[in-house]
Amino acid sequence: MDANNNTASQNNNDNKRAEYYYLTPNAVKRLPNYQYNGADLSLLYKHVLSPLAGWCVDHLTPTWLAPNAITSIGLCWMISSYCVIWYFCPGMYEANTEMNSEYTVPSAIFLLNGCAMLIYQTLDNMDGKQARKTGSSSPLGLLFDHGCDALNSIFGSANWIAAMGVLPGSVNVLLGEASGSANVQNKSYLSELLGGDAMLATFIILSPMTAFFVSTWEQYFTGKLILPVFNGASEGLVMGASLSFISYVYGPMIWQQTTWTDGAIAFLGDNGIMAFSAMEGRVRNLDIVVLSSIIALVQELLGKVPFVIRSYGKEAMRTLIPHIVFIISTIVIITTDSTIFLRIPRTMCHLISGLFVEQTTQIMLDHMVEEKFSAIRWVMLPQVALAAAMAAGVAVPNEYVDVFFMAYTAVLWVYLALKLKTHVNEICDVLGIWCFDIVSPRPKSKRD
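First residue of the sequence shown? That's 9 in the working numbering, and the numbers climb one at a time after it.
FYI, nobody ran anything at the bench for these hints, they're computed from the structure. From a predicted model like this one, the values you see are computed outputs, not experimental measurements. You may find that some hints are simply not true.
Unchecked claim - Below, simulated DSS-like cross-link-like pairs (lysine-lysine); rule was C-alpha separation at most 30 angstroms, straight line:
id	residue 1	residue 2
1	Lys380	Lys312
2	Lys232	Lys322
3	Lys380	Lys429
4	Lys195	Lys37
Stated by the list, open to error - Label pairs and their calculated CB-CB ranges:
id	residue 1	residue 2	range
5	Pro236	Lys322	52 to 58 angstroms
6	Glu288	Lys322	31 to 37 angstroms
7	Ser300	Pro451	48 to 54 angstroms
Glycine residues also receive a C-beta, built at the ideal position from the N, C-alpha and C atoms.
Sequences are here, hints too, so could you generate the full structure?
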């Protein structure tokens with residue numbers, strides 16, 4: 009009789025667990041047992057950023073403040089900065105005085121962005137320490153923090169593009185062939201190599217996203233998130249903030265100049281080395297920034313991808329497919345339609361961000377509950393289909409493309425908001441906690 013009762017009770021619990029929309033019975037079982045395993049090997053983090061965050065938690069943070077609330081406050085700073093820069097630089101290039109002569113963009117917006125990035129970084133480092141201090145660490149906190157970091161990627165990248173006055177398209181479109189031919193953009197080696205500044209802007213956006221996804225992908229297999237001595241979360245954000253401060257002090261046009269490379273070439277020339285003289289006036293300061301980020305990304309990929317593929321084989325390659333398709337389809341669209349970033353720059357940023365956040369948060373959740381990450385991401389289907397049509401030479405009027413992407417982006421973010429909200433609610437229900445409250449007890453779940 010007792011055995012029958014136990015079996016009935018177990019079946020009843022399984023039925024209740026199946027009531028969740030996203031979380032499977034297996035996820036419900038494994039989620040409470042998840043333990044984070046990670047470390048930041050950055051010397052800057054160890055000696056500066058971590059002690060600063062620890063001091064703020066110990067002396068400035070009340071014990072009733074939820075760690076997820078701290079994360080959200082930091083993200084609000086970045087959202088506010090993004091919106092302010094969006095207002096003054098809707099096309100992201102308006103701080104470039106050669107492209108925009110109608111009004112002057114206030115340099116204070118870049119000071120705001122630099123401060124917002126440092127505040128976000130500090131609060132992002134504080135949330136985990138607050139969780140340990142209050143005994144409120146949970147798998148939800150990790151997923152919430154990771155999701156906010158993924159969302160913040162586009163805010164940082166778009167603001168950097170604006171702070172450097174990058175025109176995400178051909179200068180000839182705005183200034184005409186005659187005036188544009190003399191612009192430094194048309195002389196830039198890197199811009200020529202990448203196929204124009206639209207692709208350069210795309211790399212500024214995609215490079216940190218790819219590094220972020222690959223780190224999460226590695227964690228999915230190894231169970232560990234080990235940030236190297238030099239990483240985006242520590243040194244990368246500090247350098248990004250410094251970029252914004254330089255734009256505030258010296259103006260965004262400093263990035264359009266070639267002073268850094270020209271100075272190095274002059275120094276080498278004075279010492280009898282003339283091999284680089286042909287590069288004089290053809291390598292902008294912003295080119296050095298972008299090239300450095302690409303080199304850092306390549307180093308990150310070479311350090312992680314071969315190791316994971318050797319260790320986990322075809323399964324590792326299968327789970328990389330969604331991100332590879334995401335990158336390729338984005339690049340195909342930008343290269344095929346060279347003016348799309350000029351026509352709907354913010355829509356493209358938000359679409360790229362939405363697709364990235366969807367796959368990154370999903371692979372993180374699948375890691376936490378030890379489930380298989382699906383290589384088929386249905387939300388990418390419209391982008392992939394349009395990219396394939398463009399690559400095949402199908403002529404689609406620009407106005408149709410623009411309306412398609414605006415509608416696609418709106419639907420994507422509505423879906424994503426509902427999905428993430430449901431994820432948070434279900435995880436809170438399973439763990440018996442609130443997302444933004446660590447004081448009030450949560451009523452017993454109706455599913456229990």
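Hints and how they fare:
no.: 1; hint: Lys380 to Lys312; verdict: holds, 20 angstroms
no.: 2; hint: Lys232 to Lys322; verdict: holds, 20 angstroms
no.: 3; hint: Lys380 to Lys429; verdict: holds, 21 angstroms
no.: 4; hint: Lys195 to Lys37; verdict: violated, 59 angstroms
no.: 5; hint: Pro236 to Lys322: 52 to 58 angstroms; verdict: violated, 27 angstroms
no.: 6; hint: Glu288 to Lys322: 31 to 37 angstroms; verdict: violated, 49 angstroms
no.: 7; hint: Ser300 to Pro451: 48 to 54 angstroms; verdict: holds, 52 angstroms
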